[in-house]
Amino acid sequence: MFDTVMIIALSALSIALVLLFIRIIIGPSTQDRILALDAIGVLLVGFIGILMILQDTSVFSDIVLVLTILGFVGTLTLSKFLERGVVIDRDD
Amino acid sequence: MLGGAMMAFISAIGIIRLPDVFTRSHAGTKSSTLAVLLTLMGAFIYFAANQGFYSVRLLLGIAFVFLTAPVAGHVIIRAAYRANVKMADTTVEDELKDVMDKVREEAKKERSESGEVIIEDEKVSDKEHS
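Chains H and G are the protein sequences, given in the same order. Using my numbering, the first residue of the first sequence is number 27, and each one after it goes up by one. Using my numbering, the first residue of the second sequence is number 20, and each one after it goes up by one.
Honestly, the hints are just simulated from the structure, not real lab data. It is possible that some hints are incorrect.
[To be verified] Under the rule of at most 20 Å between Cα atoms (straight-line distance), these lysine to any residue pairs were calculated in the SDA-like manner: (1) G:K49 to H:I50; (2) H:K106 to G:K121; (3) H:K106 to G:H93; (4) H:K106 to G:P89; (5) G:K121 to G:R101; (6) G:K49 to H:I33.
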């Protein structure tokens, strides 16, 4: 019973992932693609949460933290590059 | 957890269906944040009830997602607005455009009063948005 619920949740997340990939492919602007990539990064955290329950282990909880931080930094970097043209500002 | 997964699904449908970047981010940031919050909270409750193990790292992850996902959405959309990405055709109001035009005019006037040569700042609109 519980496993069935988990499988249904995983399937819904997978369909969502496929839809986001479609948005990345057809996205008219670069910002659309970054937005979809950010959403995918957030979605993978959900995947890991369900996998932790499914496999009955809590060793993946580090990966949740690392994935959120990496996704955040990546999104910030990309959008700053699009806005200013550089990623790291210089003072000179 | 099922609620979280369904929420993620709805969010992805919104990202596919909505007409422009701004509404898409509206769908993407809010509901996928809520999706992950629900999922991680489910995992936390599962471990707390089943094994008596209170995972602080999961709570940290929840707090971090809650803090960073809206900020990321905000930054993307600001970049999109600066790059003059077109809004949907049904858009009627663009209040920020008026404000930005006014600020640009005032800056130009100030510069011409102080005797500088006016150079049109076309860098923003030249940026490619393919």
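Check: What hints, given by number in increasing order, does this structure fail?
Finding: Structure breaks hints 2, 6.
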